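Q: Here is what each chain is made of, one letter per residue.
2 protein chains.
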Amino acid sequence: MNSAEIITIGDELLIGQTVDTNSAWISMQLSMRGIRVNRITSISDRRDEIISALDEALRRVSLVLVTGGLGPTSDDITKETLAEYFGSQLVMNEEVLAEVTERITRRNLEMNENNRRQALVPECCRVLLNRAGTAPGMLFEKNSKKVISMPGVPSEMKYIMQEHVLPMVTGMAGDTTIIHRNIMTYGTFEAKLAERLEEFERELPAVIKLAYLPSHGVIKLRLTGTGGNARQLGLMMDGQIRKLYTIIPDVIYGEGEITLEEKVGSLLLNKNLTVSTAESCTGGKIASLITSVPGSSAWFKGSVVAYDNSIKTGMLGVDPEIIRKQGAVSEETAAAMASGVRRLTGTDFAVAVTGIAGPTGGTPEKPVGTVWIAIASGRGIITEKQRFADDRLINISRSAHSALNLLRKQIISY
Amino acid sequence: MNSAEIITIGDELLIGQTVDTNSAWISMQLSMRGIRVNRITSISDRRDEIISALDEALRRVSLVLVTGGLGPTSDDITKETLAEYFGSQLVMNEEVLAEVTERITRRNLEMNENNRRQALVPECCRVLLNRAGTAPGMLFEKNSKKVISMPGVPSEMKYIMQEHVLPMVTGMAGDTTIIHRNIMTYGTFEAKLAERLEEFERELPAVIKLAYLPSHGVIKLRLTGTGGNARQLGLMMDGQIRKLYTIIPDVIYGEGEITLEEKVGSLLLNKNLTVSTAESCTGGKIASLITSVPGSSAWFKGSVVAYDNSIKTGMLGVDPEIIRKQGAVSEETAAAMASGVRRLTGTDFAVAVTGIAGPTGGTPEKPVGTVWIAIASGRGIITEKQRFADDRLINISRSAHSALNLLRKQIISY
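So the sequence lines, in the order shown, correspond to chains A and B.
Read in order, the letters of the first sequence correspond to residues -16 to 397 in my numbering.
Read in order, the letters of the second sequence correspond to residues -16 to 397 in my numbering.
FYI, nobody ran anything at the bench for these hints, they're computed from the structure.
Computed from a prediction, not measured in an experiment: that's the story for all the values here.
Backbone N, C-alpha and C define an ideal beta-carbon position, used for all residues, glycine too.
Any given hint might turn out to be false.
To be verified - Reference excerpt, derived from the structure (chain A facing chain B, CB under 7 Å, subset only):
1) Glu(-5)
2) Leu(-3)
3) Gly(-1)
4) Met11
5) Ser14
6) Gly17
7) Thr24
8) Ser25
9) Pro55
10) Arg90
11) Glu93
12) Ala194
13) Lys268
14) Pro277
15) Phe283
Said to hold, decoys possible - Far from chain B, by Cβ distances over 10 Å, these chain A residues were calculated:
16) Val20
17) Glu146
18) Phe172
19) Ile294
20) Gly297
21) Gly345
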């Protein structure tokens, strides 16, 4: 078995209220394990649609992953339809009921009919326990074909995939070796990176493909190798990755799925250093990214979000004269914010960002997207000016990521 | 004609490299014009796949919108396959050629074979000029069924939709009126909400459907009405929404697509009030949400992210005895953090959160997911204890949203 299909169920997908991100995530997981996704189909919460989509998919492949339509409310009919499709009855599953009861009572709530209904499952299925929510996953097998039903909530779907489905499908692909390797880069543009890698791409062995995956300014370079001998293919890919390090050493920050905030965290942890932030236009985004990493209390002490100038001068001790003369968005203000928060928190590093996120507030000299970043440490203060785009949320995200990247470089050379 | 299907073409969709956002956008546009999207199918850049997906879709509906596979490189074969499917030849279209030449030379680039190939189109199609890129849209008609092919680049697809397709399909739906209305709720669970709305749902007129769309603790209730007379249907839906306000007044926070942070912002703006935050386990997330809203400098002054206890006692002035006796995660600490940051920033409201986001740090008395929220204002301090789940990122997000919701209630009654 080396191909599969995905069916996502939900009226919200067909009226454009929800973007189907589940399919891309599932496809990537399967693809990394050598299973080709043949087709993705999104349908509404209707019995006939579900049955015909299942029929069609099972004619083409032997593994069908279904998400959505498992909520406790009456618009969700996937479970009932699957029971009917596989000629089975809904029965109360005691293990699921215990799980659901535990989840509900832990939150000091009372079990009701809807919660109890979550523990009803088709008698013929194998239950895939869901510890991230109340709707269990279900595995159906018939004529050596498999249908797996999961909730549409991404965190619950991912839990069931990781706990139950991926261990089951790993190895299903048979002999074909597929190796994916990611090189994470920051600080350049896709077109620019492609230009620098033109020769590299041309000289790649036929069994290795390169893809550019940009997100929030991070560009993930994914090398995918396909071939018979895993060891040989692995060595070949190692060689290509070494080559990448010689061509674009300035923009590579890590390998694997690592984020900039994870990289910064591991560098600080290894060197036993700490950081704090002083944020104006990023509004707490950098602190929020840093603290999204488990264990970050070891390297992060705190932050002052100085949105209003009175906080910059009052709490951070920025000289009002600097703001009056140079403006709140200036190299001098960024530097003073960084040293101010470093003094207050006593950290080894301090990151400060001040800029114009937009949509308003720009001037001809300082248009929307102008951002000053400063990093203070025992070695002094370094600053960097950036000019991003017109979109507020993109500007905030890019500013935060650029600040993390600048911090990363400073930690490395510390 | 009142139903359509979407086919998105591209290997990148089936290996999870790209999330298909085009389908949701197209679906929303069609749905707002009364055209129901019956199915969305994603397939790879393969001739057989394209032909069978077209065949199947055209058996079900009379309008099929296709995106992707129109790039200049050899892996894109949609145009050739459509020419074959409709029994037509590729011919050079002079109007498209002139457009492409103009675009390329404007960028000081030279026309090459790949660019010229973009101007080849099937003889039988009507060209839908693309001024946002080089690949033209194409309209095919056969047996009073329509197939429209557009590039997969979102900005180019949207240009062709807005310039050519939407004007054409508006009115195609005939008499069918479709009205969507969203009611935004926070502070309850889907199962609980469904229980409270059981009778409401049972009594809904047949032409109105209710859907529950949960995300980050926010549950969007979507009422969809389908019927002949727009005014009558609108009045009927108004009545149902009024009814919802009588059944679940405590959890409704707004209508439309509004987020909690937008609602909080508009309430503060209307009452000319300001807010600051003191954050421990949320690590700046609340400030980050508040400042994601354009114009938030009018109501948000700043924040202290007090991750380390030294920041809680030092900057926020929390009595070290409170932390020693009650712990950093306690009602007393949350309250002291809130009054501390309110004093420092001089805002009308201050929000404080302290909790255990996990995965480590839990104890039997204070397990992972335990969170204390405090809101300080001129009227004193109110507090709330929450117990969330085991996932770090979910705990952070829920804590931030619960704090915003508690703040929202306080502003309303202020």
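Q: Does each hint fit the structure? Answer for all of them.
A: Verification of the supplied hints:
1. Hint status for Glu(-5)(A) relative to chain B: holds, with the closest Cβ pair at about 6 Å, below 7 Å.
2. Taken as an interface hint, Leu(-3)(A) checks out: its beta carbon lies about 4 Å from the nearest beta carbon of chain B, inside 7 Å.
3. Taking 7 Å as the C-beta contact cut-off toward chain B, the hint placing Gly(-1)(A) at the interface holds, the least distance being around 3 Å.
4. Given hint, Met11(A) at the interface with chain B, holds; its Cβ is 3 Å from that chain's nearest Cβ, closer than 7 Å.
5. Proximity of Ser14(A) to chain B holds as hinted, the smallest CB-CB distance being about 4 Å (cut-off 7 Å).
6. A distance limit of 7 Å between C-beta atoms decides the matter here; for Gly17(A) the minimum to chain B is near 11 Å, and the interface restraint is violated.
7. For Thr24(A), the shortest C-beta to C-beta distance to chain B is roughly 5 Å, which falls under 7 Å, so the interface hint holds.
8. Taking 7 Å as the C-beta contact cut-off toward chain B, the hint placing Ser25(A) at the interface holds, the least distance being around 4 Å.
9. Taking 7 Å as the C-beta contact cut-off toward chain B, the hint placing Pro55(A) at the interface holds, the least distance being around 4 Å.
10. Checking Arg90(A) against chain B: minimum C-beta separation of about 6 Å stays under 7 Å; hint holds.
11. Annotation: Glu93(A) was flagged as interfacial toward chain B, and the flag is violated, the nearest CB pair being 9 Å apart, outside 7 Å.
12. For Ala194(A), the shortest C-beta to C-beta distance to chain B is roughly 6 Å, which falls under 7 Å, so the interface hint holds.
13. Because the beta carbon of Lys268(A) sits about 5 Å from the nearest beta carbon in chain B, less than 7 Å, this interface hint is met.
14. Annotation: Pro277(A) was flagged as interfacial toward chain B, and the flag holds, the nearest CB pair being 6 Å apart, inside 7 Å.
15. Because the beta carbon of Phe283(A) sits about 5 Å from the nearest beta carbon in chain B, less than 7 Å, this interface hint is met.
16. Under the 10 Å C-beta cut-off, the non-interface status given to Val20(A) relative to chain B is violated; the minimum distance is some 4 Å.
17. With a minimum CB-CB distance of about 13 Å to chain B, Glu146(A) clears the 10 Å threshold, and the non-interface call stands.
18. Every Cβ of chain B is farther than 10 Å from the Cβ of Phe172(A); the closest lies at roughly 15 Å, confirming the non-interface assignment.
19. Under the 10 Å C-beta cut-off, the non-interface status given to Ile294(A) relative to chain B is violated; the minimum distance is some 4 Å.
20. Some Cβ of chain B comes within 10 Å of the Cβ of Gly297(A); the nearest lies about 8 Å off, and the non-interface call is violated.
21. With 10 Å as the threshold on Cβ separation, the claim that Gly345(A) sits away from chain B holds: the shortest Cβ distance comes to roughly 13 Å.
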